[in-house]
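Participant: These are the residues of each chain, in order.
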Amino acid sequence: MELDKKDYDLVIVGAGPAALSAALYTSREDIDTLLFEKGAIGGLAAVTDWVDNYPGFAKGVAGLELSDAMQAQAERFGAKIELGEVSKISKEGNLIKLETTSGQITAKAVLIATGSEYRKIGVPGEMEYYARGVHYCATCDGAFYRDKRLVVVGGGNSAAQEGIFLTRFASHIDMLVRRDRLTCSDVLEKELANHKDKLTIHYNTTTDEIVGENGHVTKVLGTDKITGKKVEFSTDGVFVFVGLDPTTKFLEGSGVELDERGFVKSDTRLMTNVPGIFVAGDVRSGATLQIASATGEGATAALMIREYLEHHENMSTATVATLYGDG
Amino acid sequence: MAKNITIFTTNTCSYCGMVKRFLDMKGQSNQVVNLDEVPERRQEAIEVSGGALTVPITVVTKQDDTKHVVIGYNLAQLAPAIS
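Respectively, the protein sequence lines represent chains A and B.
Heads up, the first sequence is in my numbering, so the first residue is 1 and it goes up one at a time.
Heads up, the second sequence is in my numbering, so the first residue is 1 and it goes up one at a time.
Simulated from the structure, these hints should not be mistaken for lab results.
Be aware that a few hints might be false.
Unchecked claim - Cross-link-like lysine-lysine pairs, in silico, DSSO-like; alpha carbons within 27 angstroms at most:
(1) A:K88 x B:K26
(2) A:K80 x B:K26
(3) B:K3 x B:K20
(4) B:K20 x A:K6
(5) A:K88 x A:K249
(6) A:K225 x A:K59
(7) A:K230 x A:K196
(8) A:K249 x A:K230
(9) A:K91 x A:K5
(10) B:K20 x A:K5
(11) A:K120 x A:K219
(12) A:K97 x B:K3
(13) A:K6 x A:K249
(14) A:K5 x A:K59
(15) A:K80 x B:K67
(16) B:K26 x A:K6
(17) A:K91 x A:K265
(18) A:K196 x A:K97
(19) A:K5 x B:K26
Claimed, not checked - According to the in silico footprint, chain A covers these stretches of chain B (three or more CB under 8 angstroms from chain A):
(20) 9-16
(21) 58-71
The C-beta atom is built at its ideal place from N, Cα and C for all residues, glycine as well.
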C-alpha cells in the first residue's frame, strides 16, 4: 500500500494502547503522526475478552470496545494508522529511516510501541497443530470448541482470564500450571474458583508434548513434577498462555539497546540510547504490562517527543548528541 | 483484482476486523460470514481451510476461479493473494 507522503514528524511502530495514547497527544498538537501496525489495532488489549482494571469503566469493558474507542479518539485528531510492518530502523543524521511494507519513510522521531506477543511453549506438536488444535487467542478461536474438552497451559493473568472465557464453550478444561500456585491476580483466582465444575487446575504439571491423530489434537502429555510420573490429558484443543515476548526483531542492527530479556531500555524521558527513538508500553524494559500503564507511558512519551521535536529543527547531529546524549 | 473475497469471522475476533479493514483500504469488495450468526457455515470454513479451527479465514477467488485461502491475520500472505 502506497503512502501519500514519505516524511513524518513522528512514526509510531505499533498501534496498541501505548501507541494510540501517544498518537492522541501528538496529533492534538499538530505533530504529523503515522502509526504502523502489523497485527491488531489495540494490540493484545483488543483480543482480550474483558478488561476489569482500566480506570473509568465501573463495570469493566470489552477489550475490543476499549481498543476501538482509543483508535477513534486518536484518529479524530488526525493520527493515521497504516496496516503494515516496519522491518528495519536506522538513524541517519538527524532523521530516522524506516523500511516498511509501504516503502521507505523518514521521521524526525520514532516511538517504539510494538508491545509483546504470546510466547510459544516450544514442545513437540505445538507448531504442527498450530491453528488446528493449538491456539493463542481464546476470543478468536474459542467458539470452535463448543462442548469439547480443552487444555489451557499457564497460570498467569492471561491463562486465568482466557480460561474463564473458554468455559462458555468447553465441556471441560484442564488447566496445566507449571508452578505450585497460580500467578494471576487474586480477583481472577477467585473467579476461577467459581468455575470448578468445568475447570480443573493441575499444579506442578509441565506440558511436554501435544499429540494428535488424523490431523486433530487428541491429548497433551505432561509430567507431574512432584511424583515425576508422566500424565496425560485427553483434549480436542490446547490454548497456550505462558507469558509474553517483546516484539523487537525489527530493531536488529538499529543500535537500540535491549535488556537481557529482549525488552527495550530507556531513560527517564522514555528515550532509548538512540536520540530521537523513544519507547513506551509492554515492549519497554521495566514495563508493568498493564493497559493503564501503557496509556500513561504513551502520554509521557508524547510529551517528551514534543520537547525533542521542539529542539530538533535545525539541530546538527552534534547538537542532538550534546542535548540528548549519544548513547 | 480478485473476483470475490469471503472472510469467515466471529463476533469476538478482533483480527477479523483487521482483515476487513485491510481489504477495504485496498478497495477490495468482500463478503463477511459471521460464524456466530450463521453457525451452520462453520463446517464450510473448516473444510475450505483444510481443517483450521480459527478465524479469520479469508478465501480469495481469483478471476480464473482459483482459490487462495489465508488462515489468520497474515498480511504477508493476504497482500499478494489479492494483487
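Participant: Could you work out which of the previously given hints the structure breaks and list their numbers from low to high?
Facilitator: Per hint list: 6, 8, 12, 14, 15, 18 and 21 violated.
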